[in-house]
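This is what each chain is made of:
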Amino acid sequence: MPEKILVVEDNEQNRILMRQILTHHGYEVLEAMDGLTGLEMARTHMPALILLDIQMPVMNGFAVVRELRKNPELRKIKAIAVTSFAMKGDREKALQAGFDEYVTKPIDTRKLPELVKEILARVQS
Amino acid sequence: MFEDFVETAREPLLALDSDLRVLAASRSFYDSFKVTRKETIGNLIYDLGNRQWDIPSLRKLLEEILPKDNKFDDYKVEHEFSNIGHKIMLLNARRITEKDKGIQLILLAIEDITERKMAEELQLVSSAYARSLIEASLDPLVTISAQGKITDVNEASVQATGVAREHLIGRDFSDYFTEPDKARAGYQKAFSEGFVRDYPLAIRHASGRIIEVLYNAAVYKDVKGNVLGVFAAARDITERRKIENGLEKTRKELEVTKISEDEAREYAESIINTVREPLLALDSDLRVVKANRSFYDSFKVTPQETIGNLIYALGNRQWDIPKLRTLLEEILPKDNQFDDYEVEHNFATIGKRTMLLNARQIQHASGKERIILLAIEDITERKEIEAGLEKTRKELAVIKQSADEAGEFAESVINTVREPLISLDQDLRVVTVSRSFYEFFKVKPEETVGQLIYNLGNHQWDIPKLRELLETILPEKASFDNYEVEHDFATIGRRVMLLNARQIQQALGKERIILLAIEDVTEKTRLQRELAERTRDAEKAQSEAESATRAKSDFLANMSHELRTPLNSIIGFSEVLEDQLLGALNTSQRENLQYILKAGRHLLSLINDILDLSKVESGKMELEVEQVSLKGMLDASLVMHREKALRHRISLDLQMEPVTDIVIEADERKLKQIMFNLLSNAVKFTPDGGSVWVKARKIAGGQEIETSIEDTGIGIKPEDVPKLFKEFSQLDSVYDKKYEGTGLGLALTKKLVELHGGRMQVASEFGKGSRFAFVIPVTQARKNNA
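For the protein sequence lines, the chains are A and B, in the order given.
Counting along the first sequence from 1, when you hit position 98 you're at 137 in the working numbering, and nothing is skipped either side.
Counting along the second sequence from 1, when you hit position 714 you're at 816 in the working numbering, and nothing is skipped either side.
Here chain B stands alone, though its shape is the one from the complex (with noise of 0.2 Å):
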């Protein structure tokens, strides 16, 4: 039943379940959205046309506001539907519950309201375009109502009738005419036949002044046809009135004098002869009748070439000029006059002339004949003058302003600087100076301006390297940057100083002008001794560290070399009374043997790690990069601890990823010094039964390689962790005694990392364990050697 309803509904319309699935729709939805019955049927409405519909202030309208109110009526909502495009759209909305089938539908009504939207618009446009238009009018424009009363004006009815426009509006049109019942019939005229065209009538300025004009008029109307009034637009026809009057004064003033053929000819030849102006009287096939002296002598042409020719053919048909053909075939029988003609021709006798022509049309007392006067003016001089003239004065404005601008501008940089400024004239006399100048110089402005540069603050501006800047340098450069004045002042001390100077020429006149920047570089100057002292110190510093450093390391060099030498033999005889090669040795013999075997070996590592720190340090120590198999090298590193390890039962692994093997360039030897420091230090840590990994992974995207040597062993306490690296750190205080090492082996062992380009990484727990890693760069930057 209301599928029936909504499908033959005209405009878009919609009915919805409470679920907002759609149960019908009108065709004109259809056909207004572009979507078929089938995607559209049965679905939730914000999923129509590819969710088009899931509209936000949509979802309030359905989802919010209906449940409440039951109803919503002329809800806007705009929305860019991406295959119809932008929609204005006004729904209405009603829940109804059918009683018998007992189920709540929800009727939405769309109205598309984008067309009229947009013509409202337009028209908002177009009225303010109008209105400008009306503005802009020279002509006074006014709407009037039907019963007579202003409803608008532009401001040329303010200025014609000299009445503000607010008091004009609302008031009687025909209150502003000399003849008010002649502007009431007017209007009424327009009301009644739609238009009145040249209406003639008369406006009296509130000044009284009396302007004439003519009035045009129509009547507007509403959409419907209803007219609403009349729009009335006024030509000021005071001036062509008064032309008019003055032509038909002079007509009538012709006629007159001219009450015969020949006194007027004489009457007119007298005139024409005696005025300064060339000119010339023209028939009306433009024959020359009559020339003036000055015109043969300004045009050097001769009687008998110019009368009874064609004006055009004057002077070997120099005379003939479009300008002058317009002039006398078009405008003139048209307006029987014209003035101040501009004329620009070049003449082959006289050269390029400009001439102002005015003419005027004479009929003959008699009737037939017309007669032209012509009157030529050359401005050629003249103008020639005024264009100089306006050069001239354009120049001058041009340059006057420029100077007044630079004056300004200079005026302006002068204090706003924040370094002392100063200008001078050409006698070094202070012509202005910057706020900064005299807070830094200490100098009033009463005692400086106008002063000689010499003798500011009594006279203790009397510097010769000034005086040198000044009267030598300058006159020879023009400027001079950072030139260096050290000078005593008695007020503020020994100042060093740069001077830049500038000397200008005046735009104008001959003047110079020398402007002076100063710059306290006391200060500054200082500090860059202090520091170049202080660099000096330090590289000093440096280099007898360096020195010092040096002669450490080959005291270190030396001394462990002959260290080594006797070590050598404590250690060589050790081993052979301990291989028994002698004889045999009783138990107590053996032990002892032992005691000194262990001296003598942690002595030499001792003095070897202490030789390899002094060669690190003194940068002796140097890669020998190769390629290395980081799996051969780890290998060959636990063999070296697996004895030992068995022996406290420590169970001691290697875990590489990726599984197979990775070859980086390092120096293998150091690397397995590195790895023979952290895993005896795992090792000895680690309490019998405990566990040691080894574990090796590429990280940093495989450019790195991180091998961590982890074990359950005594673990460090946090506080401790910074101290591990140092020289001779060994925590034995806090450690068991039975510990023993170098306290060299990580400080090496960082050191020996760091020569790789790489890092060391600790982790620890007391009493658990630690994680020890290194971190190296997969390849070494090659030296020039390599």
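In isolation and in its complexed conformation, chain A is listed as follows (with noise of 0.2 Å):
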């Protein structure tokens, strides 16, 4: 049974990419347009990792990571950010926020698929 990954990203292409990467490597991924309802399908289909972009209409990633951690069911859910407007302290920020990674755009597609596993791989902490 392969592991889910959801993917939450307005840029559709960069959704297609992912899915592509990441089918490639295995992994069963699900897709969301926006934060909200990304949270929305994190609640109903219980992901092992969320790749969630920060800048997103409707909820920000950092709204939604929030809210995953505050629920205990949802809290076990890995979750990577991933953004294209990196700013100095902005890893902190995420990492303080409830995120295991946090990652900048473009994406290196060669190195995603190890940090995923990476992540996976890490014990609850």
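One should not assume that every hint holds.
Unchecked claim - DSS-like mimics (lysine-lysine), calculated; alpha carbons at most 25 Å apart, straight line: (1) B:Lys746 with A:Lys150; (2) B:Lys870 with B:Lys828; (3) B:Lys774 with A:Lys132; (4) B:Lys425 with B:Lys402; (5) A:Lys150 with B:Lys700; (6) A:Lys132 with B:Lys722; (7) A:Lys132 with B:Lys717; (8) B:Lys170 with B:Lys140; (9) B:Lys733 with B:Lys786; (10) B:Lys178 with B:Lys162; (11) A:Lys150 with B:Lys774.
Everything labelled a hint here was simulated from the structure, so no lab data went into it.
Keep in mind it's a predicted model, so treat the numbers as computed, not measured.
Put the complex together from the two separate chains, hints included.
Below is the structure:
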């Protein structure tokens, strides 16, 4: 049974790119176009990992991860922040908000699968 | 043989060989110069006494003069010896050849003339001193030769004879006396007896006046005792003679007058009572024999308590005055008289008095008794008046002088200051005007002085603000500075002036004077206004430029973000295809994909660089300072280029001085960015098989780190070096097209180095290679947030 990864990203092309890469590496990929939808899908599908874009309409990545971490059920879902607008201190802010890792766009298509694998292997803290 | 001779010589003597080494020295040499035989014989003369004898003039003597002349005499050498101090020596030398021994030797005789020189100098000084004494003497002084000729005179002699010095000298001494024979006899007596004392003579002054003198004269001799002449000093006794004559006359008159005691007493009494000044007659025991009315009146004493009493006992011992005692008991018994003896005394009855005492001691005709006449002049009032007068006179002089000085000073100030200056009287009429005033305001002196200031230059000066200053402000405030007046003058146009005004009360009198200094600030004001305008313009331009820069930066930041998103797709999908995640590709598909990827990555680095540059320019780029291991940073940077270098067979080496690591304060990511740019350039521009070295070392006393990247690349033409750090200035026109880059790398690198407070250095030789270096401080100035 392949592990489920939810990609929450408003840009369609980026979603497709992620899906192609992750599918190729044997994951089941779910997609959402905004934060609120992403949160609902997380509740219904309980993925092992969520790749969360930070800058999104309706509900941004930070808000989503905070909701996840509040919920005892959802809090075990791993989350990686993906941003195209890296600012000083963003990484710390992201980790503090509850993300497990933080990557910047453009994503390195060759490193992403390794990172995902590594995060999934991490023991729940 | 000569050694014996030398050693026994009484004056210091040295024998030297031709190499100037000491062969022998006299005992007196050792004694005089405090050197031992051991440290002398065999040594070079210059080395004697710890090289104290290395005297430049001695060297000249021995090495230059002697070889030429074979001898020299009385060569004066002055030298400061460390052990025996300053010496003046006369050196005599002979070069002789001893035939039988066949050697040449130099005999050097040294005469120490220090003492003699000093004595001579002392004599010069002392004779100058004596001369000044002679000249200062009020007595006529003269020296006379054995032939009776005047050999020297002083100024007082010139005064006494009325004959000029040059005419006196050489003339017969006796010519200037009423009795030449007696004068001649006088100096002859001095020559024969050695001296004469109180020898009376009368000098005939050129004007015919006779001056009675007493001569004292003595012979003077040279050091050997030979008599050189007579030194004669005259004392003018004309005055004394006059007094003596007067006394004699008085005495005679008295003798004649006082035929009998009674008569005399009567006479005395009548004199005493008629004179207006207080008068006392005392007997030889200083008891009052007689006092006149004025004495009783002046000193508030009665006849009963006066007559028969000791003078000191008068008026309750008020007259016991020390100075009076001196007068009566010491001076009078000797001199028989004194005049104008000033005595100041505080009397209990009449207060402090100043008196002039005249006394005469008169022998009574009978012979035994003495009588003393004491005339007392009370000069207290006169003194006071005089003192007051003197004081007033002095004060007046001071005031007058200071007034004169002040006036002169003011006048000179007025005429020397560069700014126009004018002084007005209290009616505001012009008193003085500086030259610059005339020049500046184009007015003539004749139409200025004495005029009302407002009327100057055809009423051009009738300025309301000036009226306000002179008529309203100044009467209340004695001084006023920087009063600005702007006025349109018919002659010189619109002027802005700063007026400084001073109202001065004249020292004497009630008049006041107003000083008005005028500074023309028209030009200054104009410049200030212009400057203010320009500053405003510049500030406006700057703020416009700043907001434009900000707008540009914001635009670039937004643009790069917007560009990044599609680029993300281009690169990402290309990589997915390249990795054949979606199936195999044929060769030409893979090639095309490479082009897309390459173009995409180039675009991405362009966007990144543009974004970074705009951040630096807008000041948004900040350093994240941390402790950075220099070696770690450099190693990491090298690793990123190893693969490419290996591919092109380029050696890539790191050298650090010191070899151990250095920890510096810097933004590690930005340092890596700097290194990345410089290293990728070096590797990129170095042909296959070349070398790239990275060297790091401490400089500036350990305060800075210099990191250089050297390559054996294509190099840069000197004229292109200045363009290197300009944006988009890739030197592609000259260099091979294959070296592509964004053209922003070095511009950004330089900015990042400068952000660290550092600097970039470039050295390059076209065709040979380049050396890029950046120097950054070891520590960073902390910001507030640190």
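Tested hints:
no. : hint                   : in the structure
1   : B:Lys746 with A:Lys150 : 20 Å, holds
2   : B:Lys870 with B:Lys828 : 23 Å, holds
3   : B:Lys774 with A:Lys132 : 24 Å, holds
4   : B:Lys425 with B:Lys402 : 21 Å, holds
5   : A:Lys150 with B:Lys700 : 19 Å, holds
6   : A:Lys132 with B:Lys722 : 19 Å, holds
7   : A:Lys132 with B:Lys717 : 21 Å, holds
8   : B:Lys170 with B:Lys140 : 31 Å, violated
9   : B:Lys733 with B:Lys786 : 23 Å, holds
10  : B:Lys178 with B:Lys162 : 12 Å, holds
11  : A:Lys150 with B:Lys774 : 21 Å, holds
Of the hints listed earlier, the one the structure fails to meet is number 8.
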